[in-house]
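K.L.:
If you read the protein sequences in the order shown, they are chains R and B. Heads up: the first sequence is residues 2 to 314, going by my numbering. Heads up: the second sequence is residues -17 to 252, going by my numbering.
Since the hints were derived computationally from the structure, they do not count as laboratory data. We put the CB at the ideal spot given by N, CA and C, even for glycine. Be aware that a few hints might be false.
[Said to hold, decoys possible] Simulated pairs of lysine-lysine, BS3-like, Cα-Cα distance not exceeding 27 Å:
id	chain 1	residue 1	chain 2	residue 2
1	B	Lys186	B	Lys145
2	B	Lys7	B	Lys186
3	B	Lys90	B	Lys163
4	B	Lys90	B	Lys145
5	B	Lys163	R	Lys210
6	R	Lys210	B	Lys90
[What the hints assert, rightly or not] Residues from chain R that keep clear of chain B, each with C-beta distances beyond 10 Å, as calculated:
id	residue
7	Leu21
8	Tyr148
9	Val191
10	Val272
11	Leu300
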Amino acid sequence: MKRPPNVQNLVAALVVAGLLLLPIYSLLTGNVFALTLFTRIVILALAACSLNLIMGYGGMMSFGHAAYLGIGGYAVGILAHEGIGSGFAQFPAALAASAIYALVIGALSLRTRGVYFIMITLAFAQMAYYVASGLARYGGDDGLTIYKRSDFAGLINLSNRVQFYYLCLACLLGTVVLIWRIVNSRFGLVVQGLRSNEQRMQAIGFPAKRYKLVCFVIAGTMCGLAGALLANNTDFVSPAMMYWTRSGDLMVMVILGGMGSLFGPVIGAVVYLVLEELLSQVTEYWALIMGPLLLLIVLFGRGGIMGLLASRS
Amino acid sequence: MLKRMSNPPHSGGCPVADPLLRVDKLVRRFGGVVATDHVSLDVANGELHAIIGPNGAGKTTLISQLTGHLAPNSGSVWLAGRDITNLPAYRRSALGLARSFQITSLLKDFTAADNVALAAQAHSGHSFRFLADARREAPLRRAARAALERVGLAVRAEVLVSKLSHGEQRELELAVALATKPRLLLLDEPMAGLGATESARMVKLLSELRHEVTIVLVEHDMEAVFALADRISVLVYGRVIASGVPSDIRRNEEVKRAYLGDQHVATLHG
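This is chain R alone, in the form it adopts within the complex:
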């Protein structure tokens, strides 16, 4: 777990530099679209990083991670709809709602493992999807428009593209640093040990479920933050935010970038969403090209893009 300068770290550093400089590029060239696209990429990268914490480090294959995007988003949307526009209320509400949902879902789902865990997390996320569809007061199926972005009392203006972008990027980088600290902490070692061999960990004295549940809640809360940002980005929340295909997208980003690698999900999100954007400009059947591409990367690098880079260094 030592980190000498290698290809992986170099690529990570380049990506961070690129993300930091992107608004300048956008201002200089007048390319507003790039900034819009990358705001979305940064937010979904945050969601992918949170999924990586449970999936890559914890070995918990959650197929319902998009539920937190929706819950975080709806917390912002519903409060805005009810006239509470302050971000100081909306964001903590988004995090708390996600944490509580993760606690309940985790306590039930973690009784199962393997395929059953995948299916039960999927089922709960679909339930959340249908609950949101049934919220007639908040737009039901059609979703809910947010007329005013979260208000942070003048500290930061979320309606300013550049400021909002940097807020999202700060949240992403903060999360990456936090996950880095977590996976090297006592707690992180226990969680990774449980992924490796749960029976052994119990035998040496660790109550497995407790640690897994806390990890599940941390990841859910992080993704709730992504949801709150996403709602502000689109000025709109709808049940589609938590549809199962969205959970699948997040899993693809993590696997593509490299499960259990700190920066992998960020790379995965950038590559996946940029490819999606480029290919969809070429043809509406972009998924036909994307599919085989993903297949190749997963086939030839079991550790995703980060795994491929590691084998080069």
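Chain B: place on chain R using the hints.
P.N.:
Frame of chain R, contents of chain B only:
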């Protein structure tokens, strides 16, 4: 000293006063098979108690019930006077019970040092610490190093478990168990799959450890068992057919008939 078990036994095999471990009429069935059939035995403080028996006698099943990985259908397990029958594995570990696995069970993608340090970590405060680098906790690293040195693996500390030889993995199993500072060590065939030299090293190691910790040893290697054990219990078809000091077991006709067979008799008398 040798006590014959009536059928089924009514009380503890070889009862001792104030035992560290007491197993009382333990029963475990798998469908129609009774893998553990009213097993009772006492392990005294400080002794090395060997459990022998032919393949399929239910030795690993018994160990798994002692450690809490498997729940018995009836009967009870007591550690230092405390009923632990219904405690989960991690609570038993906290009470000082450690095990090694017959089939090596380690954290394969961790280093040897990390494996042992995690065992020490489990017994030094809680692990809901999220920010500080655990690999920089000097007491844990020291404990890991000490346990690795104890089994002769210190030079391999930073090697990934998956890169260790089978023999080294067996030694690491022992180091991991030792790092939890156990009162009672349950060793499930520590010699399994070892070559002659490695076996000899393990026997030497166990003969040193027996003075430091109470040991329950499940082992096929008769030479090792008779060299090490203070007392031996013989398990056949899930039942304790005899329990006593090695010399008594050696002479016991029922044991010879039921378990040892012709090829082993030479060893016994040797």
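K.L.:
Does each hint hold? Answer for all of them.
P.N.:
Hints versus structure:
no.	hint	result
1	B:Lys186 with B:Lys145	holds (25 Å)
2	B:Lys7 with B:Lys186	violated (34 Å)
3	B:Lys90 with B:Lys163	holds (22 Å)
4	B:Lys90 with B:Lys145	holds (9 Å)
5	B:Lys163 with R:Lys210	holds (23 Å)
6	R:Lys210 with B:Lys90	holds (21 Å)
7	Leu21	holds (25 Å)
8	Tyr148	holds (38 Å)
9	Val191	violated (5 Å)
10	Val272	holds (25 Å)
11	Leu300	holds (22 Å)
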